[in-house]
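Number of protein chains: 2
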Amino acid sequence: METAHGSFMTPVFMPVGTQATVKALSPEELEDAGARIILANTYHLYLRPGHGVVEKLGGLHRFMHWDRPILTDSGGFQVYSLSGLRKITEKGVAFQSHIDGSSHFIGPEEAIRIQKSLGSDIIMAFDECVSYPADYKYVLDSVRLTSLWASRCLGEKRGETQALFGIVQGGMYSDLREMSAKALVEMGFDGYALGGLSVGEDADTRQRIIKETTAFLPEDKPVYLMGVGKPEDILEAVILGVDMFDCVMPTRNARNGTLFTSTGRLVIKNAQYIDDERPVDEGCDCYTCSHFSRAYLRHLYMANELLVYRLNSIHNIHYYTRFMDDIRKAIRDERLEEFRDNFYKRREAGNQIVE
Amino acid sequence: METAHGSFMTPVFMPVGTQATVKALSPEELEDAGARIILANTYHLYLRPGHGVVEKLGGLHRFMHWDRPILTDSGGFQVYSLSGLRKITEKGVAFQSHIDGSSHFIGPEEAIRIQKSLGSDIIMAFDECVSYPADYKYVLDSVRLTSLWASRCLGEKRGETQALFGIVQGGMYSDLREMSAKALVEMGFDGYALGGLSVGEDADTRQRIIKETTAFLPEDKPVYLMGVGKPEDILEAVILGVDMFDCVMPTRNARNGTLFTSTGRLVIKNAQYIDDERPVDEGCDCYTCSHFSRAYLRHLYMANELLVYRLNSIHNIHYYTRFMDDIRKAIRDERLEEFRDNFYKRREAGNQIVE
Numbered sequence: 003m004e005t006a007h008g009s010f011m012t013p014v015f016m017p018v019g020t021q022a023t024v025k026a027l028s029p030e031e032l033e034d035a036g037a038r039i040i041l042a043n044t045y046h047l048y049l050r051p052g053h054g055v056v057e058k059l060g061g062l063h064r065f066m067h068w069d070r071p072i073l074t075d076s077g078g079f080q081v082y083s084l085s086g087l088r089k090i091t092e093k094g095v096a097f098q099s100h101i102d103g104s105s106h107f108i109g110p111e112e113a114i115r116i117q118k119s120l121g122s123d124i125i126m127a128f129d130e131c132v133s134y135p136a137d138y139k140y141v142l143d144s145v146r147l148t149s150l151w152a153s154r155c156l157g158e159k160r161g162e163t164q165a166l167f168g169i170v171q172g173g174m175y176s177d178l179r180e181m182s183a184k185a186l187v188e189m190g191f192d193g194y195a196l197g198g199l200s201v202g203e204d205a206d207t208r209q210r211i212i213k214e215t216t217a218f219l220p221e222d223k224p225v226y227l228m229g230v231g232k233p234e235d236i237l238e239a240v241i242l243g244v245d246m247f248d249c250v251m252p253t254r255n256a257r258n259g260t261l262f263t264s265t266g267r268l269v270i271k272n273a274q275y276i277d278d279e280r281p282v283d284e285g286c287d288c289y290t291c292s293h294f295s296r297a298y299l300r301h302l303y304m305a306n307e308l309l310v311y312r313l314n315s316i317h318n319i320h321y322y323t324r325f326m327d328d329i330r331k332a333i334r335d336e337r338l339e340e341f342r343d344n345f346y347k348r349r350e351a352g353n354q355i356v357e
Numbered sequence: 003m004e005t006a007h008g009s010f011m012t013p014v015f016m017p018v019g020t021q022a023t024v025k026a027l028s029p030e031e032l033e034d035a036g037a038r039i040i041l042a043n044t045y046h047l048y049l050r051p052g053h054g055v056v057e058k059l060g061g062l063h064r065f066m067h068w069d070r071p072i073l074t075d076s077g078g079f080q081v082y083s084l085s086g087l088r089k090i091t092e093k094g095v096a097f098q099s100h101i102d103g104s105s106h107f108i109g110p111e112e113a114i115r116i117q118k119s120l121g122s123d124i125i126m127a128f129d130e131c132v133s134y135p136a137d138y139k140y141v142l143d144s145v146r147l148t149s150l151w152a153s154r155c156l157g158e159k160r161g162e163t164q165a166l167f168g169i170v171q172g173g174m175y176s177d178l179r180e181m182s183a184k185a186l187v188e189m190g191f192d193g194y195a196l197g198g199l200s201v202g203e204d205a206d207t208r209q210r211i212i213k214e215t216t217a218f219l220p221e222d223k224p225v226y227l228m229g230v231g232k233p234e235d236i237l238e239a240v241i242l243g244v245d246m247f248d249c250v251m252p253t254r255n256a257r258n259g260t261l262f263t264s265t266g267r268l269v270i271k272n273a274q275y276i277d278d279e280r281p282v283d284e285g286c287d288c289y290t291c292s293h294f295s296r297a298y299l300r301h302l303y304m305a306n307e308l309l310v311y312r313l314n315s316i317h318n319i320h321y322y323t324r325f326m327d328d329i330r331k332a333i334r335d336e337r338l339e340e341f342r343d344n345f346y347k348r349r350e351a352g353n354q355i356v357e
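Chains A and B supply the protein sequences, listed in that same order.
Here the first sequence is numbered in this note's numbering, starting from 3 and rising by one per residue.
Here the second sequence is numbered in this note's numbering, starting from 3 and rising by one per residue.
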């Protein structure tokens, strides 16, 4: 995909930089770890420091010293999951800040205007995220509202180089997903996201919804599965045609001391690593694995030293970006099924599987 | 000064890497910020991860991926300031770990053996740190004990390339400082430290003690003022002939959001910086000032983002190392007094002075 800040190949994983920083990492480290595009959050940046501040400072890229592409989420999901006292009308959503309880309003027009100020390369339409489970009637009304908002997002003036993605909703109801997808495709977006997944449904249901929904999306536009996920979930979704992913898992797990390796996950605080001279993953060439032992990382973790959050995050982001590189290569070589089989076999053979 | 891990010029400031990491910084960032030698703590590393682990992993340099010189404190100060239930005998000190309350013993022989395992370039003799104020009789006995321990430290086998510094004690009593200094010089160390200062005494008293004590120390050996301090304290001590310094101030202040600048200190959380496009210090060429605005740093700080601890620490360490560079240059140019006058004038002219 081409953007004003360079291009990236898909399928791609986007590290999450909620508050204009991918937690614990510098922009240079993100680049070195292979990140080609990152995600930031409209809701968070609107509340703090304020999109006006970011705009005055030259936009999000300059503000955070990151010159590769940025996708901003519209704030729809965060308004539902983080803020208090929501009141939804056709106009938009009134809510209270999770930081100081102050009152705010964001509707489709506001969401586009905020993202215009931020200057991100890919912006998202404002949607309603329904909770799970939700009854059919509620989800039906919600899909209609999301479609209405989507068309108003398209009508609002955005930055000249900003791509706008629509977000398919519809809960776990196949016909509502179809209705939502068809409505958005009819309007014509630069890409299509699957929202409202990874909200508590089982993996089979998620796979079914992804498969059913992508069938109604155009093949020549990127498909983005929001908030997913584990490496195995990403792999399965790629097989179903998904192109873009974001998830806090690599960075959050890093801060909790859980590291991704080719043979499963490694919990660095475990006593067995106290004097283990090996890197986290012997086949990994990230900065962390190139210079530091499991013993040192465990020491830093047990001593609550800030450096460990960074070193672990570098490794986990590198794991994810290399995983996507490998998937792309397998697609090019037309051996994605073989790649999938090997992925699961390596894990079974490993002795560090946590779940 | 020459060491097995390269040389450094004095006067020098040593960033503090208590637990085998200078908080929030990678070794490369420390180098880029101008650090030539760092300090680590025997007490902390003995307790966690254990000096045996560090030795097995190839020594402190390899463990933490830092190949410039390291000085380790002997643990004397930490045993008094951090641990519980201390019992002091001629043999050494029995104490309880501040981490888990377990019982331990370190005397002069143990302190040298631990530092031999760590493989640091400069090691410190084990001393008794008296509290302040302390009565004359107590300090007299303590100086005698510290001298006895110092001679036993000299007698214990250390690493072939390890330099050993003695620590002058004596509280705020001029004659006891003289007694301590003369006893150590008589024994012959590779360098001499001034311990037991910056413990609550006023600045005039400290200056007096430094001046009186350095008079009894050989001019051709480095003099190290432990735990000091503010830039102005360092400058005044250099004028009195001190060569080496360490202090947590640049890194601790960084984590508290206080930044050193040529015109005084800047408190990044202040509302005035919310949309301030300028770098922390317009004359500074550190990584932080080269890429990030005050507005971004303030945003990260208000949002509790990990990256700010690093960016602030890089700037403050760079400030200190450049400050020492400037002092060395002023000494070479024989204009240290002029440098001192300008230093205070710039501060008075600045409008960001906090104290």
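Treat the hints with caution; some may be incorrect.
Identical chains share a label here; the pair holds if one copy fits it or two copies do between them.
What the hints assert, rightly or not - Mimicking DSS-like on lysine-lysine, the simulated pairs with C-alpha atoms at most 27 Å apart in a straight line are:
no., residue 1, residue 2
1, K25, K271
2, K271, K58
3, K213, K271
4, K58, K139
5, K25, K58
6, K347, K89
7, K93, K331
8, K223, K58
9, K223, K331
10, K232, K118
11, K25, K159
12, K232, K58
13, K25, K347
14, K93, K271
15, K159, K213
Read the hints as simulated data drawn from the structure, not as lab findings.
Here is what the structure says about each hint:
Proximity of K25 and K271 under a CA criterion of 27 Å is satisfied in both settings, with 20 Å inside one chain copy and 19 Å between copies. For a Cα distance limit of 27 Å, the shortest separation of K271 from K58 across copies, 19 Å, qualifies, whereas the shortest one inside one copy, 43 Å, does not. In this homomeric assembly, K213 and K271 never come within 27 Å of each other (Cα to Cα): the closest approach is 39 Å inside a single copy and 48 Å across copies. Taking CA atoms no more than 27 Å apart as the test, K58 paired with K139 passes in neither setting, with 44 Å inside one copy and 65 Å between copies.
Proximity of K25 and K58 under a CA criterion of 27 Å is satisfied intra-copy only: 23 Å inside one chain copy versus 32 Å between copies. In this assembly of identical chains, K347 and K89 lie within 27 Å of each other by CA distance neither inside one copy nor across copies; the values are 49 Å within and 58 Å between. Taking the shortest alpha-carbon separations for K93 and K331, neither the intra-copy value of 45 Å nor the inter-copy value of 66 Å comes in at or below 27 Å. Proximity of K223 to K58 under the C-alpha cut-off of 27 Å is found in neither arrangement, the shortest distances being 33 Å within a copy and 55 Å between copies.
In this assembly of identical chains, K223 and K331 lie within 27 Å of each other by CA distance solely inside one copy; the values are 20 Å within and 61 Å between copies. Neither within a single protomer nor between protomers do K232 and K118 lie at most 27 Å apart by alpha-carbon distance, with minima of 31 Å and 45 Å respectively. Proximity of K25 to K159 under the C-alpha cut-off of 27 Å is found in neither arrangement, the shortest distances being 31 Å within a copy and 46 Å between copies. With identical chains, the CA atoms of K232 and K58 are never at most 27 Å apart, being 37 Å at best within one copy and 36 Å at best between copies.
With identical chains, the CA atoms of K25 and K347 are never at most 27 Å apart, being 32 Å at best within one copy and 40 Å at best between copies. With identical chains, the CA atoms of K93 and K271 are never at most 27 Å apart, being 49 Å at best within one copy and 36 Å at best between copies. Taking CA atoms no more than 27 Å apart as the test, K159 paired with K213 passes in neither setting, with 33 Å inside one copy and 71 Å between copies.
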